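Participant: Here are the chains, one letter per residue:
There are 2 protein chains.
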Amino acid sequence: KGPSGSGAGCRMVELSDTRRASVENFKGKILVSVREYYQDKASGEMKPGFKGLSMNTDQWKVLHDNADTINEAVQTG
Amino acid sequence: KGPSGSGAGCRMVELSDTRRASVENFKGKILVSVREYYQDKASGEMKPGFKGLSMNTDQWKVLHDNADTINEAVQTG
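As you go down the protein sequences, you meet chains A and B in turn. In terms of my numbering, the first sequence opens at residue 418 and continues consecutively. In terms of my numbering, the second sequence opens at residue 418 and continues consecutively.
Hint data in this document are derived by calculation from the structure and do not stem from the laboratory. Any given hint might turn out to be false.
All copies of an identical chain are treated as equivalent in the list; a pair is satisfied when it fits inside any one copy or across any two copies.
Unchecked claim - The list that follows gives simulated cross-link-like pairs (lysine to any residue, SDA-like), each with its CA atoms no further than 25 Å apart:
no. : residue 1 : residue 2
1   : 446       : 457
2   : 458       : 488
3   : 464       : 491
4   : 464       : 434
5   : 446       : 491
6   : 478       : 441
7   : 464       : 486
8   : 458       : 489
9   : 458       : 479
10  : 464       : 479
11  : 478       : 492
12  : 478       : 456
13  : 458       : 493
14  : 478       : 460
15  : 444       : 458
16  : 444       : 494
17  : 468       : 455
18  : 458       : 492
19  : 458       : 442
20  : 458       : 478
21  : 444       : 465
22  : 458       : 494
23  : 458       : 486
24  : 458       : 475
A quick note: this is a predicted structure, and the numbers were derived from the prediction, not measured.
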């Protein structure tokens, strides 16, 4: 798992087979999304599902800046 | 914005007024959640809403390990 190829205005990181973090440019606003994907039966393509959240860059920055706090909490359970 | 006090088995990082990252111990499984919260009108408490995603520690680790890739994408738009 890790970063994958960049499409038009969109970069993906696969968190699992069905979960992706992506960076999107939505009408000039940069969004960092963490989202569940599902395979469309008709086309076989992976499509974004309902479950997930799009963060603006400020929210992503807070998350990133506090990653150590989260890691600590993860380690201590 | 930043980390806030730890409750019983739960640590919070406020991403915005209505968005929080939290680390929860759910039946012995550690989950990192990024979730939207809303104020319950009756009690005035902030409660977790529907929008969001809970990552297991593997998924969180991939996200964290690829934070630089995401930051790059954010900066280049």
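Participant: With reference to the structure, classify each hint as holding or not holding.
Facilitator: Results for each hint:
no. : hint        : verdict
1   : 446 <-> 457 : neither (27 Å within a copy, 30 Å between copies)
2   : 458 <-> 488 : neither (37 Å within a copy, 33 Å between copies)
3   : 464 <-> 491 : between (30 Å within a copy, 22 Å between copies)
4   : 464 <-> 434 : within (12 Å within a copy, 30 Å between copies)
5   : 446 <-> 491 : between (31 Å within a copy, 10 Å between copies)
6   : 478 <-> 441 : both (15 Å within a copy, 21 Å between copies)
7   : 464 <-> 486 : between (32 Å within a copy, 22 Å between copies)
8   : 458 <-> 489 : neither (40 Å within a copy, 33 Å between copies)
9   : 458 <-> 479 : neither (37 Å within a copy, 27 Å between copies)
10  : 464 <-> 479 : between (28 Å within a copy, 20 Å between copies)
11  : 478 <-> 492 : both (22 Å within a copy, 11 Å between copies)
12  : 478 <-> 456 : between (30 Å within a copy, 24 Å between copies)
13  : 458 <-> 493 : neither (41 Å within a copy, 34 Å between copies)
14  : 478 <-> 460 : neither (35 Å within a copy, 31 Å between copies)
15  : 444 <-> 458 : neither (29 Å within a copy, 34 Å between copies)
16  : 444 <-> 494 : between (39 Å within a copy, 11 Å between copies)
17  : 468 <-> 455 : both (10 Å within a copy, 17 Å between copies)
18  : 458 <-> 492 : neither (39 Å within a copy, 35 Å between copies)
19  : 458 <-> 442 : neither (27 Å within a copy, 35 Å between copies)
20  : 458 <-> 478 : neither (36 Å within a copy, 30 Å between copies)
21  : 444 <-> 465 : within (18 Å within a copy, 28 Å between copies)
22  : 458 <-> 494 : neither (38 Å within a copy, 32 Å between copies)
23  : 458 <-> 486 : neither (40 Å within a copy, 31 Å between copies)
24  : 458 <-> 475 : neither (36 Å within a copy, 27 Å between copies)
The structure shown violates the earlier hints numbered 1, 2, 8, 9, 13, 14, 15, 18, 19, 20, 22, 23 and 24.
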